[in-house]
Amino acid sequence: MSAALGLLAVAVAVLAQAAALPAFSVFGAHPNIIIVLLVAWAAVRAQREALLLIPAAGFLLGLLDSQPLGLAMLALAPLILMTDLRELRWVESNLLLAVVITAFASLVYELVGLVTLAVTGERPDWLAATRDVLVPAIIANVLLLLPVYGVVWFASADVRQRPAF
Amino acid sequence: MHVRTRTWFSVVIIVSLALVGASRFAFFAPLENAALLVAAPVESALRDATRPVADFVNNLTDINRLSRENQQLREEIEQLRRENALLREEQTELLQYRQLLDIRDARTEDTFIAADVFAREPSNLRDVIAIDRGSADGVREGMVVLTQQGSLVGSVSRALNDAAWVTLITDPTSAVSALIQESRAQGVVVGAADGTLTMEFVEETADVKEGDLVLTSGLGGSHPPGELIGQVVEVERAAQELFQAVRVQPLADLSRLEAVLVLASFLPQEATAP
Numbered sequence: 001m002s003a004a005l006g007l008l009a010v011a012v013a014v015l016a017q018a019a020a021l022p023a024f025s026v027f028g029a030h031p032n033i034i035i036v037l038l039v040a041w042a043a044v045r046a047q048r049e050a051l052l053l054i055p056a057a058g059f060l061l062g063l064l065d066s067q068p069l070g071l072a073m074l075a076l077a078p079l080i081l082m083t084d085l086r087e088l089r090w091v092e093s094n095l096l097l098a099v100v101i102t103a104f105a106s107l108v109y110e111l112v113g114l115v116t117l118a119v120t121g122e123r124p125d126w127l128a129a130t131r132d133v134l135v136p137a138i139i140a141n142v143l144l145l146l147p148v149y150g151v152v153w154f155a156s157a158d159v160r161q162r163p164a165f
Numbered sequence: 001m002h003v004r005t006r007t008w009f010s011v012v013i014i015v016s017l018a019l020v021g022a023s024r025f026a027f028f029a030p031l032e033n034a035a036l037l038v039a040a041p042v043e044s045a046l047r048d049a050t051r052p053v054a055d056f057v058n059n060l061t062d063i064n065r066l067s068r069e070n071q072q073l074r075e076e077i078e079q080l081r082r083e084n085a086l087l088r089e090e091q092t093e094l095l096q097y098r099q100l101l102d103i104r105d106a107r108t109e110d111t112f113i114a115a116d117v118f119a120r121e122p123s124n125l126r127d128v129i130a131i132d133r134g135s136a137d138g139v140r141e142g143m144v145v146l147t148q149q150g151s152l153v154g155s156v157s158r159a160l161n162d163a164a165w166v167t168l169i170t171d172p173t174s175a176v177s178a179l180i181q182e183s184r185a186q187g188v189v190v191g192a193a194d195g196t197l198t199m200e201f202v203e204e205t206a207d208v209k210e211g212d213l214v215l216t217s218g219l220g221g222s223h224p225p226g227e228l229i230g231q232v233v234e235v236e237r238a239a240q241e242l243f244q245a246v247r248v249q250p251l252a253d254l255s256r257l258e259a260v261l262v263l264a265s266f267l268p269q270e271a272t273a274p
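Taken in sequence, the protein lines are chains A and B.
1 is the number of the first residue of the first sequence in my numbering; add one for each residue after it.
1 is the number of the first residue of the second sequence in my numbering; add one for each residue after it.
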């Protein structure tokens, strides 16, 4: 696989996120396949590929969502910093690291949405949003990570050096 | 942390903010319109293909709520059947009166633009849908959107050339002036991040019961009066509170919308004012 294939995968994920994923509800939230795919890609494959895919995914998602173009890119940008965590080797398991990053990236992504609501003059109920949106979104994304990570790992024979788990 | 990563992060943040800034002036509207136009058929096909899988997964994670809801629905069906029989009798009488008096149906003066829903805002915090009709078809920002059965869905928040975004009444940014049909108590129906509806500012002394219908009041001029919003499912009266909290359930299942009607004959007051 290459970055070009990654871009194709991201484009398909963006279409799926806009069209299909909102129909899935896990504990009241729908999973975000874009975050999950980017985390799995960064955990399994080369960091430089992930660095290219993150803004590309944000840009494509911005074209297909109702928010101002660039907001999705802004919400995904913290993932760029998180790609360095793999190099630090805090934990040997790439999957465990991916789970932690997915949880954190989901939290940041939804928080950007909440802050945007607050900045645009709305009064979001932070406690209710945390209970009904943030926590379910984290659980939904971590659950979705497992199959997506598996697919990316199996399709990455060219760069795979370490075991999946 | 690598310098390369930090630099790239800074570049992406700057580009993102520049794009957000440019979007405020609709700079990218043609590009977004073209992207939605190209993606719409693919998204529609994806929606249709994944719907059965989504239903299966949702049922698995929602089994308790579903069995409770099933019981409630059984009881409700029984009650509705009884009411239906009575209403049929009344309807027959009413039709006879109408024919006699030649009363025109109020809805015949309204014009609608039928549209298919092809996408939904991916964020968990927003309830916004994309429809396949835009300003080229006569859709304007602020127009009211209804289900095919006639209950309120939301209003057009952004009209591109060939597509439009509709903010649903369950969106946290939505606020609709409303009244309870039976008691005529007024309030504002607002959405929340978890997709529920609450009617706020209902006076503590107002007589509100579970099952009461909630309609648009027309106050403020953003919605025509008399559009059906939903049904009261819970009333909370707290001592020493000026207002009661009324939970409202939309009549339509807004999470499964496939086709909607844009009410083209009504424009909100801001849009029609000189």
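Since the hints were derived computationally from the structure, they do not count as laboratory data.
Quick caveat: nothing in here was measured; it's all calculated off a predicted structure.
The beta-carbon is built from N, C-alpha and C at its ideal position, and this holds for glycine as well.
Any given hint might turn out to be false.
What the hints assert, rightly or not - To spell it out: a stretch of chain A is covered by chain B in this simulated footprint if at least three of its residues, at any positions, have a beta carbon under 8 Å from a beta carbon of chain B; those stretches are: (1) 7 to 17; (2) 61 to 71; (3) 93 to 99; (4) 103 to 115; (5) 122 to 135; (6) 143 to 157.
Given coverage of the stretch 122 to 135 of chain A by chain B, checked by CB-CB distance under 8 Å (3 or more):
holds (count 7)
Annotated coverage of the stretch 93 to 99 of chain A by chain B, confirmed only when three residues or more have a Cβ within 8 Å
violated (count 0)
Report holds or violated for chain B covering the stretch 61 to 71 of chain A, Cβ cut-off 8 Å, minimum 3 residues.
Result for this restraint: holds, n = 11.
Under 8 Å between beta-carbons, do enough residues of the stretch 7 to 17 of chain A, three at least, approach chain B for the coverage claim to hold?
Since 3 is at least three, the answer is holds.
For the stretch 143 to 157 of chain A, does the count of residues with a C-beta closer than 8 Å to a C-beta of chain B reach 3?
Coverage by chain B is violated for the stretch 143 to 157 of chain A (0 residues, Cβ < 8 Å).
In terms of beta carbon proximity below 8 Å, does the stretch 103 to 115 of chain A have 3 or more residues touching chain B?
With 3 residues in contact (Cβ-Cβ under 8 Å with chain B), the coverage given for the stretch 103 to 115 of chain A holds.
When the structure is compared with the earlier hints, violations turn up for hints 3 and 6 and for no others.
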